[in-house]
Every structure is written in structure tokens, then in C-alpha cells.
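There are 2 protein chains.
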Amino acid sequence: MNARRRSADRTETIMQTALDLAREVGYAKLSMEAVATRAGVGKDTIYRRWPSKALLFLDAVLSSRITGLEHPDTGDIVADLREVMIRAVDLLAQPPWGPLYQELIGEAQHNPEVAAALNERFIQPQTADTLARLKTAEEQGQLAPEFDLDLAFEVLSGPLYFRLLITHQPMTPDYIDRLLQAVFAGMGPQPQS
Amino acid sequence: MNARRRSADRTETIMQTALDLAREVGYAKLSMEAVATRAGVGKDTIYRRWPSKALLFLDAVLSSRITGLEHPDTGDIVADLREVMIRAVDLLAQPPWGPLYQELIGEAQHNPEVAAALNERFIQPQTADTLARLKTAEEQGQLAPEFDLDLAFEVLSGPLYFRLLITHQPMTPDYIDRLLQAVFAGMGPQPQS
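In the order they appear, the protein sequences are chains A and B.
For the first sequence, the residue numbers in this note's numbering are 1 to 193.
For the second sequence, the residue numbers in this note's numbering are 194 to 386.
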């Protein structure tokens with residue numbers, strides 16, 4: 001196989017090894033040395049591509065299995081948002097994804113490079129995909145015309161992150177249904193028209 | 194002054210020193226050794242009360258200035274929620290509170306003891322206070338009778354934590370107004386009655 005292919009395989013091996021080791025010893029104890037040894041490459045090979053353990057870990061987590069989070073368009077906005085929220089929490093419930101994503105966000109709290117990469121590579125695309133789906137729904141009259149669409153992703157995702165990072169309460173399908181119900185219906189009394 | 198008073202003063206000094214050092218060098222570089230030296234106490238004195246740096250830091254942050262977050266009752270639920278949300282983001286905007294709280298939550302991602310203490314000492318009381326204020330508002334017909342009150346704290350706080358921990362977008366009074374508006378009005382079209 002050609003050089004590019006070999007390089008891609010090596011990159012894949014290094015990232016998979018980083019995930020395996022993080023799963024075994026936790027992110028805190030993960031070392032570039034150990035990744036290099038188990039992956040059978042030189043440390044230089046790793047550092048050439050990833051200047052820090054944090055960026056290797058971020059790349060490994062984001063490159064791994066975070067797919068299928070694009071919104072379908074069945075014509076029913078609540079069903080489509082629900083579908084992606086369910087997929088996201090299912091992914092977080094599969095070991096080791098939840099704890100690894102928590103570690104990644106933990107690292108982002110004191111590593112601006114990781115925080116920036118997380119936003120650019122994952123949060124912003126997710127936000128854009130959600131907004132695009134909501135715009136279609138708005139055109140179809142499925143949203144309150146005056147609703148602040150730019151807040152929608154935060155209002156829908158914020159409570160999930162709050163459970164993942166703070167309270168660790170379970171994110172069940174029932175919880176997602178309650179959340180969607182609350183956010184769509186609103187807290188306030190409905191205006192009498 | 195008596196022994197209890199001296200002990201309370203020493204506790205105060207140690208926690209203040211931990212905060213000062215965390216502010217200067219960041220949580221990651223904070224060491225019990227340095228806290229003991231600057232506070233002028235033995236390491237044993239610190240370890241007797243706080244078995245780990247994480248728990249000393251948590252205690253110092255939570256004991257420090259997190260007050261004034263109880264909800265007033267002016268009879269206007271939106272105004273009262275707004276008041277506490279504004280106070281919370283103002284506190285986070287005062288150096289060093291935002292970064293220190295972020296570090297604390299970062300630590301909670303891989304330290305279950307810190308996560309549990311954060312929830313028991315701060316999140317759960319805040320949730321209970323919010324719920325109590327919302328129950329009064331519900332009795333006064335200021336909330337949709339069918340609204341899922343147990344979700345309210347997560348729906349209102351989740352987006353703030355999402356900005357603090359993930360996107361780092363500013364939490365301005367205008368943002369809080371937009372958030373309250375969105376959460377009270379709801380995303381969905383109002384039912385025609």
C-alpha cells in the first residue's frame with residue numbers, strides 16, 4: 001500500500017491506542033510515552049502531528065464514533081430533534097464515551113487550545129446542523145415565529161450537559177421527552193387568544 | 194480568644210490562602226505544601242480537615258462568596274429568576290470566580306468526591322430554592338399549570354453552564370433576558386384557543 005495509506009493507518013492506530021489507554025488508566029494518567037510504546041511508533045511521530053496529549057486525546061475522541069448526529073428531516077421537528085438527542089445520549093451511555101467526553105470537557109476548563117478545538121470541531125457544527133433543521137421547521141410553521149432560534153441549541157443541549165457534567169442524573173428517553181415537552185410548551189401560561 | 198474561635202480563624206485563613214494561590218498559579222499548580230507554608234500552618238493541620246487538595250479547593254470556593262443566590266419573592270417570578278441569574282453571572286464575571294468555578298467543575302469530571310460535594314453543597318440547595326420559588330409562582334397562576342417544575346432548574350441553568358463550560362460566550366443581562374423569554378414562551382406555536 002502507498003505511503004499516504006500507511007500514514008493514515010498509523011494515525012488511526014495512534015488515536016485508537018490513545019482511546020484504549022485512556023479507557024484503561026483514565027485521561028489523567030494517559031502518557032504520550034505509553035501511547036507511542038503500545039502503538040509501536042516513535043514519540044516524535046506522535047508529537048509531529050499532536051503537539052500535546054490533550055490535542056491527541058481530543059482528536060481521538062472526536063474522530064472516533066461521533067457520527068449520526070446530523071438531524072433527519074421527517075417533517076416533524078420534535079421527532080427529529082428527539083432522534084438526535086437520543087442518539088447522543090445513547091453514545092454517551094456506551095462505555096467509554098461518557099467518561100471520556102467528560103474528561104475532555106474537564107481538560108477544556110484549563111486548556112484553551114482544547115476548548116477552542118472542541119467548539120470548532122464539534123459544538124459549532126452541531127449548532128449549525130440544529131439551526132438549519134429548525135429553520136426548515138420554522139418555515140413550515142412548526143415553531144413559534146417569534147422564537148429566538150439562535151438560542152435553541154443551548155436551550156436543548158444545556159440541560160443535557162448539565163446532567164452529564166454536574167448532576168450525573170440519567171439521560172433517559174423519558175427525560176428527553178420531558179425536556180422537549182417543557183421547551184416546546186414553555187413555562188409560562190399560554191396567552192388567551 | 195478561645196480555641197474554637199482560633200480554629201475558625203485558622204480554617205478561614207487556610208481557605209483564603211488556597212483561593213489566593215489558585216488565583217495566582219491556577220488550580221492545577223496549587224499544592225497543599227504551598228498553602229501550608231503561606232498560611233503558616235503545618236500540612237497535618239490542613240490534611241486533618243481536608244483529605245485532598247480537591248476538597249480544600251471545593252470548600253474554599255463554596256465557602257467564599259457564593260451568597261445572595263436565594264430567590265427574592267417580589268410576586269413576579271420572571272423578575273425574581275432574572276435577579277438571581279444576573280447575580281450568578283455577575284459573580285462568575287468577577288475575577289477569579291469564573292475560572293475557579295470552571296476549574297472546580299473540571300476537577301469534578303474525574304473526582305467523584307468533588308462531584309458529590311459540589312452537588313450536595315451547592316447544586317441541590319440551589320435547585321431546591323428555585324423549585325420553592327416556582328411553586329409559589331405556580332400557585333399564583335404565573336406558570337403553565339402543566340409545566341414540569343422538576344425540570345425548571347435544569348432548563349434555566351443548563352444554558353448558562355453550557356456557555357460557562359463549553360462555548361465561553363458571554364452571559365450578559367441581555368442573554369439572560371432572551372433565555373427567560375425563550376423558556377417562558379416556549380419554542381412551539383401557541384395553541385389556538
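Hints are computed from structural coordinates only; laboratory data are not their basis.
Virtual Cβ for every residue (Gly too), placed ideally from N, Cα, C.
Heads up, a few of these hints could be off.
Heads up, simulated DSS-like pairs for lysine-lysine below, C-alpha to C-alpha not over 25 Å straight-line [to be verified]:
1) B:236 <-> A:53
2) B:246 <-> A:53
3) B:236 <-> B:246
4) B:222 <-> B:246
5) A:29 <-> A:53
6) A:53 <-> A:43
7) A:29 <-> B:328
8) B:236 <-> B:222
9) B:246 <-> A:29
According to the in silico footprint, chain A covers these stretches of chain B (three or more CB under 8 Å from chain A) [what the hints assert, rightly or not]:
10) 218-229
11) 354-366
FRET-style restraints, in silico, Cβ to Cβ [as the list claims (entries may be wrong)]:
12) A:120 <-> B:265: 24 to 32 Å
13) B:219 <-> A:148: 31 to 39 Å
14) A:52 <-> B:240: 44 to 52 Å
15) B:265 <-> A:96: 38 to 46 Å
16) A:120 <-> B:366: 51 to 59 Å
17) B:216 <-> A:169: 44 to 52 Å
Could you say whether the range 51 to 59 Å given as a hint is met by the Cβ separation of residue 120 of chain A and residue 366 of chain B? violated (28 Å)
So the hint says 44 to 52 Å: do the beta-carbon atoms of residue 216 of chain B and residue 169 of chain A match that? violated (32 Å)
Given the hint that residue 29 of chain A pairs with residue 328 of chain B, does the C-alpha gap stay at or below 25 Å? Distance of about 46 Å is beyond 25 Å: violated.
Given the hint of 24 to 32 Å, is the C-beta distance from residue 120 of chain A to residue 265 of chain B inside that range or not? violated (40 Å)
Hey, residue 29 of chain A versus residue 53 of chain A, does the alpha-carbon distance stay inside 25 Å? holds (11 Å)
25 Å Cα cutoff - pair residue 236 of chain B, residue 53 of chain A: violated (32 Å)
Does residue 246 of chain B pair with residue 29 of chain A here, judged by a C-alpha cut-off of 25 Å? holds (18 Å)
Regarding residue 219 of chain B and residue 148 of chain A, is the given constraint of 31 to 39 Å on their beta-carbon distance met? holds (36 Å)
Satisfaction of hint between residue 246 of chain B and residue 236 of chain B, Cα-Cα up to 25 Å: This hinted pair holds, its Cα atoms lying about 11 Å apart.
Starting from the hint 44 to 52 Å, judge whether the C-beta atoms of residue 52 of chain A and residue 240 of chain B obey it. The hinted range 44 to 52 Å is violated for residue 52 of chain A and residue 240 of chain B, with Cβ atoms some 32 Å apart.
Does the alpha-carbon distance linking residue 222 of chain B and residue 246 of chain B stay inside the 25 Å limit? Answer holds: residue 222 of chain B to residue 246 of chain B is near 11 Å, not above 25 Å.
Verify the proposed pairing of residue 53 of chain A with residue 43 of chain A, using a straight-line Cα cut of 25 Å. Roughly 11 Å between the alpha carbons, so the hint for residue 53 of chain A and residue 43 of chain A holds.
Checked against the numbered hints given earlier, this structure breaks hints 1, 7, 12, 14, 16, 17; the rest are met.
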